[in-house]
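*Asks:* What follows is each chain in one-letter form.
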Amino acid sequence: MANVLELHGITKRFPGVLANDHIDIILKEGDILALLGENGAGKTTLMNILYGLYKPDEGKILVRGQEVEIHGPNDAIARGIGMVHQHFMLIPVMTVTENVMLGVEPTRNGIFLDRARVAARIRDISQQYGLEVDPDSYIKDLPVGIQQRVEIIKVLYREADILILDEPTAVLTPQEVEGLFKILQTLIEKGKSIIFITHKLKEVMAVADQITVLRGGRVAGTVKPKDVNPEKLASLMVGRDVNLIVTKQPAQPMNTVLEVRDLYVRDERGNLTVNGLSLDVRKGETLGIAGVQGNGQTELVYALTGLLPLVGGTIRIADKPVHHSAPRNILERGVAHIPEDRQKHGLVLSFPIHDNLILCTYYQPPFARGINLQEQIIFKNAETLVGQFDVRTPNIYVPAASLSGGNQQKVIVAREFSRPIELLIASQPTRGLDVGSIEYIHNRIIEKRDEGAGILLVSSELDEILALSDRIAVMYHGQIMDIISAEDATKEYLGLLMAGIKPAEAAAPTRGNRKQKKVERVF
Amino acid sequence: MSDQAIQPVEVTPPGEDPKKGTRGKIWQALLVPALAVLTGLLIGAIAILAVGENPLEAYGALFAGSFGTPDRFIEGFQTYFASGDTSKLLRAIYPITESLVATTPYIFAALSVALGFRCGLFNIGAEGQVLMGALCSAYIGYSITGLPAFVHLPLAILAGAAGGAVWGMIPGYLKARFGAHEVVNTIMMNWIAFKLSDWLLKGPMQASGSRPVTPNVEATAELPRFFPDPLRLNWGFVLALAVAWLVYWFLFKTTLGFEIRSVGASPDAAKYAGMNVTRNFVLVMAIAGGLAGLAGTAQVLGVDHWVGQGFSSGYGFDSIALALLGKSHPFGVVLSALLFGFLRSGATRMQSMAGIPIDIISIIQGLIVIFIAAPAIIRWIYRIRAIPVSDEAMRTRGWGG
Amino acid sequence: MKKLYGIVGLLVVFSLALTACGGGGGGAFKVGLVTDMGGIDDKSFNATAYAGVEKAIAELGVEGKYLESTQQSDYAKNLQQVLDEETNVIVTVGFLLGVDTATAAKANPDQNFAIVDYAYPDCWPGAVEGKECGSATELPNVLGLTFATDQAAFLAGYAAAASTQTGKVATFGGINIPTVTIFMKGFEAGVKYYNQQKGANVELLGWNTAANEGSFTGNFDSLDDGRSFAESFVQEGADIIMPVAGPVGLGSAAYCKETSACKIVGVDTDWTVSAAEYTDIILTSVIKNMDVAVFDAIKAAKEGTFKGGVYVGTLPNNGVALAKVAGATAELTAELEAIKAALIDGSLTVDSMLK
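Chains as they are written, first to last, in my numbering: chain A, 56 to 578; chain B, 28 to 428; chain C, 17 to 371.
Errors might be hidden in some of the hints.
Here's a subset of chain B near chain C, in silico, CB distances under 7 Å, partners left out [as the list claims (entries may be wrong)]:
(1) 229
(2) 233
(3) 379
What the hints contain is simulated information worked out from the structure, not anything from laboratory work. Just so it is clear, CB atoms sit at the ideal spot from N, CA and C, and this is done for glycine as well.
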């Protein structure tokens with residue numbers, strides 16, 4: 056088949072960084088090309104070049120065999136290149152139709168917006184590609200998976216036939232990912248060509264026709280899925296052998312460090328999202344909390360760390376009640392917290408790295424003497440931690456915002472692990488990170504467990520829960536469905552629990568070391 | 028990897044000298060404001076042309092009015108060396124001292140707004156806080172007699188700071204306790220201050236006689252002047268510089284400042300890190316109020332020695348522009364206050380000598396603020412590349428905040 | 017960047033050129049006027065005083081200029097600026113400049129000053145001269161220009177009381193200071209005199225001399241305040257309003273013009289001239305001929321006959337006057353003439369009506 060898009064020798068330099076170094080990429084018509092690479096490998100720069108946001112220093116771009124210069128997003132669209140961004144560019148209070156027509160508003164009689172015509176075309180497109188999007192619904196009412204389809208419709212509406220999807224699965228649930236893959240198949244059946252940017256190996260193996268792996272701004276290899284396995288891909292990405300299976304010693308549980316009894320918490324909108332939950336975490340073990348997003352995990356973590364007030368129940372950390380304590384008092388009891396939303400809670404993005412590394416301890420010696428900040432010690436601390444935790448940054452003075460997601464997470468981990476901790480609460484610790492960073496953070500968490508800290512791991516990635524936990528609790532509608540030993544856990548059984556189905560006692564595998572409350576609400 | 032990693036073990040030499048990086052950043056930070064000022068003056072020149080006057084003559088008068096004229100300096104030195112008579116020399120430095128006098132309240136008030144910005148708060152109440160500071164200082168200044176200056180003056184200064192602080196703290200508390208937006212409340216506090224001062228000046232604080240003004244403060248409460256009359260430059264200016272340095276130290280070198288900046292840059296992260304966000308709102312509004320109060324204090328104790336109706340005409344509002352212009356950095360604020368002070372002061376002569384309405388200065392100031400607020404215009408005009416990672420100083424949140 | 021260097025270079029040349037010029041021409045007779053915080057465009061006070069300067073420019077060929085004060089600390093500075101330019105006569109406007117003018121006058125005894133709405137000596141027992149008051153003695157080089165505005169306002173009050181349809185008239189001021197309240201006192205006296213003569217019961221809102229209380233906007237510049245004061249007076253039933261607050265009154269006038277619910281008594285100047293767009297809703301104006309007084313002072317100085325002291329503008333010397341009353345009946349006109357005569361010969365006084 057013909058090459059719809061060719062990049063030859065694309066090179067882009069930023070001050071101090073060679074972001075793209077003579078990259079060659081070929082996209083064939085009707086293919087899905089997966090662009091695989093760690094954060095910072097140059098994927099985003101390359102796509103911004105393709106989308107006309109950056110001008111390459113060297114190299115040429117051929118669209119359908121014709122050399123072109125792309126001067127901006129409108130230019131890219133005009134040449135049939137459309138981009139679906141990782142962060143959606145949608146206006147929540149507008150309808151699907153209004154969002155799609157934004158920027159290309161067709162009018163009747165030159166003044167009136169012709170919504171009906173756009174809505175009709177959206178229905179057409181939706182039908183044709185099996186997208187199932189109602190043009191009249193408001194964006195704010197749609198689940199994330201459907202919002203993403205709206206983004207795809209925006210691109211299709213503008214008649215793009217080369218679609219670039221930037222990390223499209225990062226925000227989706229497993230079911231939504233399945234749905235997206237079906238859509239991608241339909242799209243290529245109808246003659247579209249797709250570049251699929253990701254760092255998730257399994258997805259690549261599942262959907263791609265071609266895989267181009269980027270590493271350090273260069274093409275590390277172009278392969279077909281049938282010729283490789285995930286391990287091979289991972290080592291191409293990272294540049295060394297990667298151990299995809301987490302190895303850990305059996306846990307050596309000691310005394311209880313976290314004791315939660317009959318916890319009730321309301322979320323910010325006043326809904327009771329944690330509904331009579333009890334659990335224990337012992338030092339030296341990892342308790343994984345599995346569950347579909349939105350079943351109260353976030354509020355549970357907020358309550359444990361003092362960020363949300365309790366409606367009822369008790370929390371004891373290291374034998375002291377903390378359920379009325381301020382966040383700082385809880386932190387000072389030896390709690391480390393890797394927050395779910397690293398950009399919102401975990402970092403002050405505009406602050407330099409060295410300040411982010413003392414965000415929780417700035418007022419304590421040695422960083423402060425009285426109220427005086429000890430700059431030299433803060434700098435030294437940062438240099439040390441950046442080295443120890445392998446944070447890739449030009450220096451410790453750049454703002455955290457300038458780091459890639461993986462490196463931002465490493466800054467948080469470095470900060471939280473640099474304090475003496477009894478209990479680690481890690482919420483979605485590897486969401487959106489690349490293989491190398493995931494491996495790194497997983498190993499660090501296990502290391503902490505082995506040093507004797509209790510770990511409470513909240514993750515919506517079942518693989519992560521299974522890999523790290525010693526015991527697994529499944530959360531559903533604000534309650535614990537069951538707590539089982541990780542050795543006995545099967546994905547099937549966990550999946551049932553996650554869906555709120557409690558199999559008969561007999562069918563359940565061996566129990567973990569604590570029975571949970573009986574759950575009444577099962578449907 | 029151990030729990031004791033908090034103790035730095037070995038220092039790897041930094042890849043880049045932080046100071047060097049900082050210097051580059053300062054140059055970057057100054058470039059756009061400097062060009063904004065130049066562009067404002069250029070467009071101001073067009074406006075002057077449009078009203079049929081000569082911009083060269085106008086700016087000449089502006090310059091002479093704010094800095095003085097070379098011939099007067101020469102004459103001043105000649106007379107001084109010839110006869111030891113300083114009067115001509117004093118006359119030569121008069122414009123520049125007046126500019127510094129005009130700068131002083133701007134520094135204080137703009138520091139107030141800048142501090143608020145750093146904590147994500149929009150202090151529109153500087154105007155009222157200035158007035159309260161002035162009234163409190165005046166009251167202590169005239170009502171207490173018989174104290175030595177080294178007691179009376181500090182007392183009067185503290186009273187001004189306290190008056191402003193109370194006026195700032197109230198909206199801060201209302202925000203922390205009830206979530207009431209500080210923009211609304213500071214505006215309300217302005218009105219309360221205006222009306223309260225009207226009442227005080229006609230009643231309890233009115234000097235005998237018919238004018239609605241306070242009595243003059245005692246000589247022991249005056250900020251000493253450096254030169255004989257009519258030169259009004261006084262220790263207030265030095266105090267302003269010292270306070271600017273103090274605010275810098277407080278914001279960037281102390282744990283409290285670290286908290287304030289964290290709360291301003293990301294309240295969520297600050298809360299996560301165990302900081303008490305609402306307490307910081309109260310603290311910052313109180314300090315900001317105190318700083319604005321000092322603007323009134325310096326004006327009363329150093330320049331006017333009494334307070335009359337319409338005391339502060341817009342220091343508080345100008346200071347919002349100044350804080351923006353100074354990127355909410357204390358040193359930037361001092362520079363922008365100097366700019367506005369010199370412009371305002373020079374405008375008197377420009378108005379007198381060249382017949383240019385004083386409003387042209389407001390136009391120039393307005394243009395400068397527009398260019399600062401929308402730096403893209405300046406970058407576009409002068410083809411400057413944008414700084415890739417923006418580190419904007421102002422991070423106030425919207426109405427929902 | 018090239019463009020940038022070009023512009024910077026241009027500015028350097030520019031600023032060098034600037035320093036070369038500057039400095040005024042000598043020889044001509046120079047008049048400098050320093051306003052108070054109302055600014056030169058207040059269509060009242062400052063504007064009227066400057067009109068006298070402009071008249072002098074036109075008729076006497078003097079050089080004149082003004083300096084606007086925008087804040088309290090500007091007074092001394094602006095005075096210093098005009099002194100520095102070796103001006104022949106310095107006119108200051110308003111009592112707020114009282115102390116600074118006296119200080120400057122004492123420091124420059126050869127310099128002639130005229131101050132509008134103020135006079136020396138102004139010190140009271142115990143006041144600190146040069147701080148709380150300007151001077152304990154008369155200053156030979158300062159002419160205080162004061163006005164018996166209450167006489168003209170008396171006439172306006174009578175005319176308003178005679179013209180009201182609702183039986184209620186109103187007034188409000190900028191700040192409760194004598195130069196403002198003198199209008200209101202005269203107005204009140206006029207209304208009372210009308211009631212007494214006609215056995216009527218016209219009510220005055222916004223001022224009470226006995227209590228020394230009334231409605232004040234607290235400023236001389238907010239047109240919005242003028243509008244809202246007028247609105248509330250109309251709601252209380254008044255249909256004629258005299259705003260004594262400089263340009264604030266223009267806000268009231270605008271409200272009356274839009275709603276046709278009220279008429280305005282202008283102050284300081286004849287508003288059918290100075291605010292001609294509101295002519296149809298202006299009943300009359302209390303004219304304070306500051307421009308005439310200022311012009312006369314300048315003229316005297318130019319002719320070398322300038323003398324310090326106090327000038328009082330009155331009905332007989334035409335320092336104050338009532339403008340033509342719109343729609344006045346012959347009867348009203350005659351009555352006003354009679355009252356004017358009585359006020360001039362002293363058989364009727366403002367104070368007698370306020371007892």
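*Asks:* Compare the structure with each hint and give your call.
*Replies:* Results for each hint:
no.: 1; hint: 229; verdict: holds, 6 Å
no.: 2; hint: 233; verdict: violated, 10 Å
no.: 3; hint: 379; verdict: holds, 5 Å
The structure fails hint 2 only (numbered hints given earlier).
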